[in-house]
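Novice: As they're listed, the protein sequences go chains A and B.
Taking my numbering, I'd label the letters of the first sequence as residues 738 to 985.
Taking my numbering, I'd label the letters of the second sequence as residues 155 to 474.
Treat the hints with caution; some may be incorrect.
So the derived list for chain A, only partly shown, Cβ under 10 angstroms to chain B, looks like this [to be verified]:
1. 855
2. 864
3. 865
4. 867
5. 876
6. 931
7. 962
8. 967
Subject to a maximum C-alpha distance of 30 angstroms in a straight line, what follows is the list of computed DSBU-like cross-link-like pairs (lysine-lysine) [unchecked claim]:
9. B:167 to B:340
10. A:841 to A:739
11. A:983 to B:472
12. B:210 to A:960
13. A:753 to B:432
14. A:919 to B:432
15. B:347 to A:789
16. B:210 to B:181
17. B:232 to A:841
18. B:463 to B:347
19. B:340 to A:919
20. A:964 to A:983
21. A:960 to B:167
22. B:432 to A:964
Computed footprint of chain A on chain B; a stretch qualifies when at least three of its residues, placed anywhere within it, have a C-beta under 8 angstroms from a C-beta of chain A [claimed, not checked]:
23. 365-375
24. 430-438
Derived by calculation from the structure, the hints in this document are not laboratory data.
Note that this is a predicted model, so its numbers are computed, not measured.
Just so it is clear, CB atoms sit at the ideal spot from N, CA and C, and this is done for glycine as well.
One letter stands for each residue in the lines below.
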Amino acid sequence: MKILVCISHVPDTTSKINFTENDTKFDTNGVQFVINPYDEFSLTRAMWFKEKQGASVTVVNVGNVSTEPTLRKALAIGADDAIRVNMDATDGLSVAKQLADVVKNGGYDLVLAGRESIDYNGGMVPGMLAALLDFNFVNGCVGMEVDGTSVSLSREIDGGNETLSTALPLVVAGQKGIVEEKDLRIPNMRGIMMARKKPLNVVEPIAVENSTSTESFEKPAPKGAVKLVDADNVDELINLLHNEAKVI
Amino acid sequence: MSVLVFADSAEGKFKKSAFEVVSYGKKVAEQIGSNVVALTINANNNEELYTYGADKVVTVSNDSISTFNANAYKSVIKQVADSEGSSVIIIDSSIDGLFVAPMVAVALGAGYASNVVALPSATSPFTVKRKAFSNKAFSNTVISTDNKVIGLAKNSYGIHENPVSGTTESFDASISEADLGVKSEKVEKVTGKITIADADIVVSAGRGLKGPENWGMIEELADVLGAATACSKPVSDLGWRPHGEHVGQTGKPVASNLYIAIGISGAIQHLAGINASKVKVVINTDPEAPFFKAADYGIVGDAFEVVPKLIEKLKAFKQA
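If we strip away everything but chain B, and leave its shape as in the complex, we get (with noise of 0.2 angstroms):
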């Protein structure tokens, strides 16, 4: 009854929250007295997992899934579970995650928590603690089940380095014309771009900046701190910035290290998006600004003066 981790890649080469489900699989793995073993597909460098403390890595290479694909992707952690006799299934709860752990929970018959933000609690009843409420409260979990599918929320839990000397067996999964029912066509990405999902830190912006022409100073704060940029909905709802940059309830959760809220008010849907970051500053001309009282640092001030000095004086201490 191992602890089998799905450790996603893109291209080949391992995301962030490969190595944090490897990390926090090893301790679950230490909780129920069992090992970690993980598995990829179409990745290189599988070795990588070793750090983090991957017992076992299960590789599977199959040119009829070079993107992800959902339905194939359950398929190929359905024969892997089965094959391994894992009872424990970890899947990081980001877009992707989220779309395919629901089936591999059917395809085991296992209970699944998402968005779990810290290792089990107790082992019996296996119990995790989830984001609820939209990050207004969380839920201790009890997953009944005997096999048991965990989505991890993305920085909830870190990265841990955990050197094992692991080793690496090729699997030969078989993917039907039914697992790949559903075809992709075309991905469009904005390339050269941090991605919010990706990101350690956000600079997000709102109506405070009046105008989208103003966004340049954003795009340049967020380029000198490696940000990735962001915008609250009536921004993206005036068409001032693209949708895929709306956070908040209804956009996209944020979860990174630093969230920097610039002339954003902090309405109670924006706040419950952007929650989860550690660590909150804002900026904004107005002291009754709700979002003072969610942030761990703030400015009253404009942002028209203090953005161009804090661009200035990050820019002498990167070079410092």
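Next comes chain A alone, as it looks inside the complex (with noise of 0.2 angstroms):
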């Protein structure tokens, strides 16, 4: 089985998030950028699959040297090697386009990333790759076995979860479940010093015209100060959540 991850270069869920250069830019000043989470949850599902059944996994990202170190550190997880398709992040089809191509030029059969990246939050990229590369396509995943070429999943719903059966090849979004927290791994010293060495190549993107664009960003209305009741007033709020907010 060969395996994609697709890693998304994001800032951590700690970031302070400002705008540079008229709202049109993510102000990267002292933000410190980590793999995706819910790629990380795949990427993790995929060394398992690597260790206990024999899988190759690569991984990839679309962007520019910046994301390097990221790539790096998946590779110190894990993976065994690592491609970066050289061209800015701005577009959920264009990055899918770019995707795509890797996927056919590498002949994966099993493609796994995040539900969504916790900057642009598209949770698009992939379906839209699933359906430019004609594969099949589960979004939202919290488990996942392979057997030959036929993979039975779950996914979540509103209010539960959804057994799926399915065959390779096959793009997988991948949530929290896929993997348990306590099973994300920590690179080690030997996982830095061999990343190190793996190789990360450089591709040139394929021409791809953007279908969107963000024209400016913009932060949420600043909110008024809380209002306090009185802990033996809770009567006080029944009356605001009624009369006030209209809520109750």
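Hey, can you piece these two chains together into the complex? The hints should help.
Specialist: What follows is the structure, encoded as structure tokens:
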């Protein structure tokens, strides 16, 4: 089984979000970047397939040179090699088209990604990739087993879980549950040393046109101060929720 | 060039989001000077959609998709979009909507913006405001392709009545074996409980509750309010509550009208996941808890004293 894991390079979850250049660019000043948490769950599942079922694992990112430390971290966690498509990722469909080209050239039969990136939150690249490749697709995956080319998965639905069956070739967008948080791996020194020697191939993008673009970013309007209600006066809270906020 | 909205249903009954996307689609159609067509799959009472402005309802009945199947649904939406000459497709950004919409976008060669929170601010260039950076910001996104797919965030536009005398037409969609490449084997659902996605009110509790044995009052409060129950990440990590209740950045997103946080300090990742809720109430012993900065109303106090009082008073309020 040849697995490709798509890795997004995103600001750490605790980052302060600010914009520059007239609110058109994300301000990376002082921001620490990490592997997108959803992608990390899927990468960890891929490592399991590598160790237990002899799969090969390649990681890929569409981005500029600044994303390479994130790919090196994925290599330190245990991926065999990495590919960076040398293009700024700003449009989901364009990114999916670049990835589709990587999948075709590499002959991968399983593509793992995260449900969404925590920066653009588009949640669209995995589904678009599957559609472009005519692969099967499962979104929001919280459990997955592969037996030959048969695949059994579960996904989160509103109020529960759904069990699905399908076959390779397949694109899966995972989230917590595809592995548990305790299974996530922190790269050890040996992994970090080995990662330096693993191949990280930079490929130039194919020509595509963007379908969407961000004209500007904005932050939510500042919130008014909290109205405090005395703990002995819950009637007042009920009154405010009923008459002022009109939510009960 | 009509506007096509996909009005989702389960077991024949429209989801609340169906009325919201139709309400929204009606306004978008007015903006671009067109009419709105609603597509339904195996739904009953299709005329309900006229109330929200659906000029035309296209119904698909097909036993091979008696439950949601993303790829087959995509195929149906594409066929109806082609037949109706639709250039703007609107799908909700629910779990299922987010599953199907990217594939629809590719099938129609469309640019796609998900988690959109408002009507297009301009139609040329076509510009929509969408959530980004996990609710910490918005992106004003231009969709530059001729066909466009909009994913509407839950509870962002609201349900608005706009009655029209619509028409209903059935459509014979063809579903191939390849469309059914992913098969549903089993659906496990908690029954008789309001889900977080569907709830107008969510009651959520954190580590301040001290142990899973203390959730009785949380469930009772939720019961009184007709609310869904949720929890913080540490609580689900500790196994006090099922994973499905975890709300926050890596858990489920919440966009309810009212969110009540009890014994939750308000870590930035938690707030990111619940920020889309309209009104937030916090009950916490620690006045320095970050949640007080994010909340609209707050009580500094011990949950074990405040919550039982609140339940009692709410019961009286509901009876009044």
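Novice: Of the numbered hints stated earlier in the document, which are not met by this structure?
Specialist: Numbers 6, 12, 14, 15, 21 and 23, in rising order.
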